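Asker: For reference, the chains in residue letters:
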Amino acid sequence: MGDSQYSFSLTTFSPSGKLVQIEHALTAVGSGQTSLGIKAANGVVIATEKKLPSILVDETSVQKIQSLTPNIGVVYSGMGPDFRVLVRKSRKQAQQYYRLYKETIPVTQLVRETAAVMQEFTQSGGVRPFGVSLLIAGYDDNGPQLYQVDPSGSYFSWKASAMGKNVSNAKTFLEKRYTEDMELDDAIHTAILTLKEGYEGQISANNIEIGIIRADREFKVLSPAEIKDFLEEVE
Amino acid sequence: MSIFEYNGSAVVAMVGKNCFAIASDRRLGVQLQTIGTDFQRVFKIHDKLYIGLSGLATDAQTLYQRLVFRHKLYQLREERDMKPETFASLVSALLYEKRFGPYFCQPVIAGLGENDEPFICTMDCIGAKELAKDFVVSGTASESLYGACESMYKPDMGPEELFETISQALRASVDRDCLSGWGGYVLVVTPTEVRESVIKGRMD
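Line order of the protein sequences matches chains H and R. Residue 43 in the UniProt record's numbering sits at position 43 of the first sequence; the count goes up by one each step and never skips. Residue 16 in the UniProt record's numbering sits at position 16 of the second sequence; the count goes up by one each step and never skips.
I should point out that these hints are in silico values taken from the structure, not numbers from a laboratory. Each hint should be verified, as a subset may be incorrect.
[Stated by the list, open to error] As a list, the in silico PhoX-like pairs of lysine-lysine whose alpha-carbon atoms are at most 20 Å apart:
| no. | chain 1 | residue 1 | chain 2 | residue 2 |
| --- | --- | --- | --- | --- |
| 1 | R | Lys44 | R | Lys72 |
| 2 | R | Lys17 | R | Lys154 |
| 3 | R | Lys98 | H | Lys102 |
| 4 | R | Lys83 | R | Lys98 |
| 5 | R | Lys17 | H | Lys102 |
| 6 | H | Lys102 | R | Lys83 |
| 7 | R | Lys72 | H | Lys102 |
| 8 | R | Lys98 | R | Lys129 |
[Unchecked claim] Partial list, computed: chain H residues near chain R (C-beta under 8 Å):
| no. | residue |
| --- | --- |
| 9 | Lys102 |
| 10 | Glu103 |
| 11 | Pro106 |
Please read all numbers here as calculations on a predicted model, not as lab measurements. For each residue, glycine too, the CB sits at the ideal point set by N, CA and C.
Kindly generate the complete structure, drawing on both the sequences and the hints.
Answerer: Take a look at the structure:
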């Protein structure tokens, strides 16, 4: 493949018009644990698998879903350490916006700025692209919103989406199940069912993570006890 | 003579019932010599947001240009106009950036916010915000303006009454200040219309 000769330098286009490093970054994302998000009429839910490398790992110390502001949360598929760096940068940008305007940052603006950071790392010297795709969920004056941001820096608004290992099955499942006027609790059930579809092994309250935001505009990560309740409702 | 008194200025804003008025004098001087009698001190940011800048004229013009620049970019990015409170925070941040080499201006911001609630505020040259429910003043005639506004102001005035009150307060105050005057410029803004008027005063 002629492209492989051009995969050494990030900032060089290949003859087919691709930046090969970004393709490789997307591959890294595609082999990461499945995550998904669903936008309901009155809120947004994001969820991910939390498969730990060994039973000895303390699962309460692993937090794959994080909040960026009190009303915006994020989940990822791909490399955990890259995610942590992006979360830090995004939180700082949100606070800088607040310092300037004394107004909480709208979801679209934060997504745009995070995407701009990711794009910078595809056009600078001596750096590599981030090996994560993000699903950003928020609730602001424009209602509930769900955005996906890729390593290239492109972002898309979704009604429902999935990323990671099981992406095609998950998306097909979501396409069948999604309705425009879904309530948030239905969306949470659908999210759990979608995760269950592709899950290798037994799903439980300790090996998935769910974050929700309702019309009260407070993003929260559900505790294992709350996840257990939803799981029981599903079964 | 202090740098704030170099050009001479008077700016005042008042809150009425579902409306606000902002007014300024029209004199531009170089110390004691008058060199202009139609100088603009009140500027539009968007249809429901105005800023009056007293103090050094060159800083007023440059600051206004910077603010319009920031607001236009904000409009393009966020696809909406800035709320008056947000704009006031932006002005305050911009002024404080120059804390140790400030713009010699005292802004007066007036606008209609959410649900067309009138909003006014002023700040000092390094961005200390002062929100008020009734009126705000700035410029070389500010002390007289405080007195005139305090006695003439009453809450919940309609646009016509507000216009009369602010014009009288401005006229009376600039007449007691040799560095401001030469007529006045008054803007009354309601949710549906904007009325600009030039008022005649003592031309001296």
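Asker: Next step is simple, just say for each hint if it's right about the structure.
Answerer: Hints and how they fare:
1. R/Lys44 - R/Lys72: OK: lysine 44 of chain R and lysine 72 of chain R at ~12 Å, within 20 Å.
2. R/Lys17 - R/Lys154: At roughly 11 Å apart (the allowed maximum being 20 Å), lysine 154 of chain R and lysine 17 of chain R satisfy the hint.
3. R/Lys98 - H/Lys102: Holds: lysine 98 of chain R and lysine 102 of chain H sit about 19 Å apart, inside 20 Å.
4. R/Lys83 - R/Lys98: violated (24 Å)
5. R/Lys17 - H/Lys102: violated (26 Å)
6. H/Lys102 - R/Lys83: Within the cut-off at roughly 11 Å; holds.
7. R/Lys72 - H/Lys102: With Cα atoms ~18 Å apart, lysine 72 of chain R and lysine 102 of chain H stay inside 20 Å; holds.
8. R/Lys98 - R/Lys129: holds (15 Å)
9. Lys102: holds (4 Å)
10. Glu103: holds (5 Å)
11. Pro106: Holds: closest Cβ of chain R sits about 7 Å from proline 106 of chain H, inside 8 Å.
Hints 4, 5, counting from the list given before, are not met by this structure.
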